[in-house]
Amino acid sequence: MVNVMTDLQKLFSQRLSRHAGQLLKYLRLVFTDHFVIALFFFFGALGFAYQNELKTLTLGVWWGPWLTMLILVIALQMGRLATLLEPADAVFLLPAETTLHQYLKHARNYSLLMASFIQIAVGVVLLPFLARGDQMTLLEAASLIMTQLITKAAWMNWQLQQGVQQVKHSIAQVRLVNWLGAIVIFGLSLFVSVWIGLIAALLALSASIAGLGKRWQQGQLAWQSLITNENGRMMVLYRFFNLFTDVPQVKATVRRRRYLDPMWKLVIGQSTNPYLFLFTRGLGRDSDTFGLITRLTVMGMIILIFLTNQWASLVVMLLAIYLIGFQLLPFYREYEGKVFTHLFPVTKGQQLSAFKTVLTDVLTICAVLFVIVDVVVNWSWLRLLIDIVAMAAELIVFIGWYSGWRLRKS
Amino acid sequence: MGIEVEHLVGGYSQVPVLKDVSFSVSDGEVVGLIGLNGAGKSTTINHIIGLLTPIRGHIQLGGVDLKTDPAAYKQQIAYIPELPVLYDELTLQETLTLTMMAYGLDVEKTWIRAHELLKTFRLDNKLNWFPANFSKGMRQKVMIVNAFMTNAKVFIIDEPFLGLDPVAVHDLLQLIEEARGRGAAVLMSTHVLANAEKYCDRFILLNQGEVKVSGTLDQLRAAFPDVGGSLDDIYLALANGERND
Chain A
332 MVNVMTDLQK LFSQRLSRHA GQLLKYLRLV FTDHFVIALF FFFGALGFAY
382 QNELKTLTLG VWWGPWLTML ILVIALQMGR LATLLEPADA VFLLPAETTL
432 HQYLKHARNY SLLMASFIQI AVGVVLLPFL ARGDQMTLLE AASLIMTQLI
482 TKAAWMNWQL QQGVQQVKHS IAQVRLVNWL GAIVIFGLSL FVSVWIGLIA
532 ALLALSASIA GLGKRWQQGQ LAWQSLITNE NGRMMVLYRF FNLFTDVPQV
582 KATVRRRRYL DPMWKLVIGQ STNPYLFLFT RGLGRDSDTF GLITRLTVMG
632 MIILIFLTNQ WASLVVMLLA IYLIGFQLLP FYREYEGKVF THLFPVTKGQ
682 QLSAFKTVLT DVLTICAVLF VIVDVVVNWS WLRLLIDIVA MAAELIVFIG
732 WYSGWRLRKS
Chain B
4 MGIEVEHLVG GYSQVPVLKD VSFSVSDGEV VGLIGLNGAG KSTTINHIIG
54 LLTPIRGHIQ LGGVDLKTDP AAYKQQIAYI PELPVLYDEL TLQETLTLTM
104 MAYGLDVEKT WIRAHELLKT FRLDNKLNWF PANFSKGMRQ KVMIVNAFMT
154 NAKVFIIDEP FLGLDPVAVH DLLQLIEEAR GRGAAVLMST HVLANAEKYC
204 DRFILLNQGE VKVSGTLDQL RAAFPDVGGS LDDIYLALAN GERND
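First to last, the protein sequences are chains A and B. Each number in my numbering comes from the position in the first sequence (counting from 1) with 331 added on. Each number in my numbering comes from the position in the second sequence (counting from 1) with 3 added on.
The hints are simulated quantities; they were obtained by calculation from the structure and are not laboratory data. Please note that a few of the clues may not be correct.
[What the hints assert, rightly or not] Quick list of in silico lysine to any residue cross-link-like pairs, SDA-like style, CA-CA up to 25 Å:
| id | chain 1 | residue 1 | chain 2 | residue 2 |
| --- | --- | --- | --- | --- |
| 1 | B | Lys201 | B | Gly231 |
| 2 | A | Lys356 | A | Phe366 |
| 3 | A | Lys596 | B | Pro134 |
| 4 | A | Lys669 | B | Thr94 |
| 5 | B | Lys139 | A | Asn562 |
| 6 | A | Lys687 | B | Lys139 |
| 7 | A | Lys582 | B | Leu93 |
Bound-form chain A, shown alone (with noise of 0.2 Å):
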């Protein structure tokens, strides 16, 4: 039993140095030099809109401690119990319920204190509003913030003992709860005196502490939502740098779009080319290309209104049709893994002709609507004329030789 003890105490540093290099691979792909320069600017602009805000902001206006409650109650919501359960420990850990209790205890410091972070943040930005919106002195401006980390603390335990004793309370009584006790908290604080906010802060953490504590040690763990839970907070996470990158946990929706029917019927026409059949689909259903193609058409789109130079609007006309058709080439291998696909009494050539088609008139149609958009923007015959020959030519050299050189090379 000693054994299981100090591995199972083990577990949580193990589980979360694997969860750290996770995040740390992600937020690398996320946080690239670009992006950390457009940060850099956004932040630095927000921060100097917020100054010059608080500078003409009169002493103690009447909507300070309605704007700060808001902002803190919305806050205290920030930072979730990381458990870092997986769905098998319900089978493997199941044995050692009773001393899982420590490794819980491990994450709920830990989610504590990444939370406290988010806390702190918030609680330090509002600082000169406090000052200035609510005319605080520094320490009551400190006891606030203290009273926002005491009450994480005693939301964070009253998480972990949905987990540890078999207690169901109802999604919509933990909403009202967290919500609601912190509106009675924080208002109290602000509108009443900080101190007995930090006292009633202080009550609900003895009495989160004292709720665990009951059934500590005995109780059951709540491995469905427990683990429900931890997977939930995970795929926010990589919902997000799915935004950025890649994330094979994040599989893409088929999503049905019936209104893109007639377009299938038009492609195929009589063809009998099955794989015609199958790239149209896929590619209208799958929601990542489809979604990629049509953000990179719409961006095309909008740069174009406003531009003026020709020269300029073609260089983005070209290029745009260049990386929509360099998006789409990986997706004639998108079936590769289906045994059916080696299957079918099909050849190598009949693939590549389907492909082809799909590929010309998805590029056709992005490229008629970007000229479209310059000849309205800025209208000339010649315009017109020379948008024509340069999309036409840019797509013959790319799908009668670029693509087929592409795809034969990799």
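With chain A's structure known, arrange chain B on it following the hints.
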């Protein structure tokens, strides 16, 4: 005709999993491919459907070699994989349409047959569903409908009974019988020996990449005289022999 495997040596890498495997399945015959986990059943099947290239040896389907005429070779196969494989972006109806297009089947006639099968497997009201909405058993049924709506000459069926309800197992066995009656060659790998014993004409017992013994149940009994009469007994004797090696 049917399936002819001659001196097949092959596997996933340079290390051969199959060592000189030879057997045949005639037209109108159901042959059970039996063996322990890792004996080489799936590898054999992957070679026959053309996913793997033999290191040595030949495979012919209906007298056609994969190398000389891949399209004609593949045209004859209906395959049910061990784990259902479906295109995530296609509805049930489109999946079946795609198969019909790929094999150049008469769409109208085939749909009549497909609707019968869908009704049998209680899928006829799910034509607009995506694979994501299907349970494991339903996916398996889609694979069965997909294979048996064709009038393929060769059926390759890899462990088809897992996850199917008893009614579906019964219906599948009936379909296999029908295919045999039509003159198709059926190769079926399975661990469900009771079904194999009842429905297969012959058996091939694979062990460590080699054909240990093959033949009708009577021939197998003759090869393992002391162990008992059923396929189960023979299989266990083979497994025990393996353990003592």
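Pair hint Lys582 (chain A) and Leu93 (chain B), alpha-carbon separation not exceeding 25 Å: It holds: about 16 Å lies between the C-alpha atoms, which stays within 25 Å.
*Is Lys596 (chain A) close enough to Pro134 (chain B), meaning Cα to Cα at most 25 Å?*
holds, 23 Å
- Task: Decide if the proposed pair is consistent with the structure: Lys201 (chain B) and Gly231 (chain B), CA atoms, cutoff 25 Å inclusive.
- Result: With a Cα-Cα distance of about 16 Å, the restraint between Lys201 (chain B) and Gly231 (chain B) holds, given a limit of 25 Å.
ask   = Is the Cα-Cα distance between Lys669 (chain A) and Thr94 (chain B) 25 Å or less?
value = holds, 16 Å
Lys687 (chain A) and Lys139 (chain B) were given as a pair; does the straight-line alpha-carbon distance stay at or below 25 Å? Distance of about 35 Å is beyond 25 Å: violated.
Restraint check for Lys356 (chain A) with Phe366 (chain A), where alpha carbons must lie at most 25 Å apart | holds, 16 Å
Given the hinted pair Lys139 (chain B) and Asn562 (chain A), is their Cα-Cα distance within 25 Å?
holds, 22 Å
Going through the hint list in order, the structure does not satisfy hint 6, though it satisfies all others.
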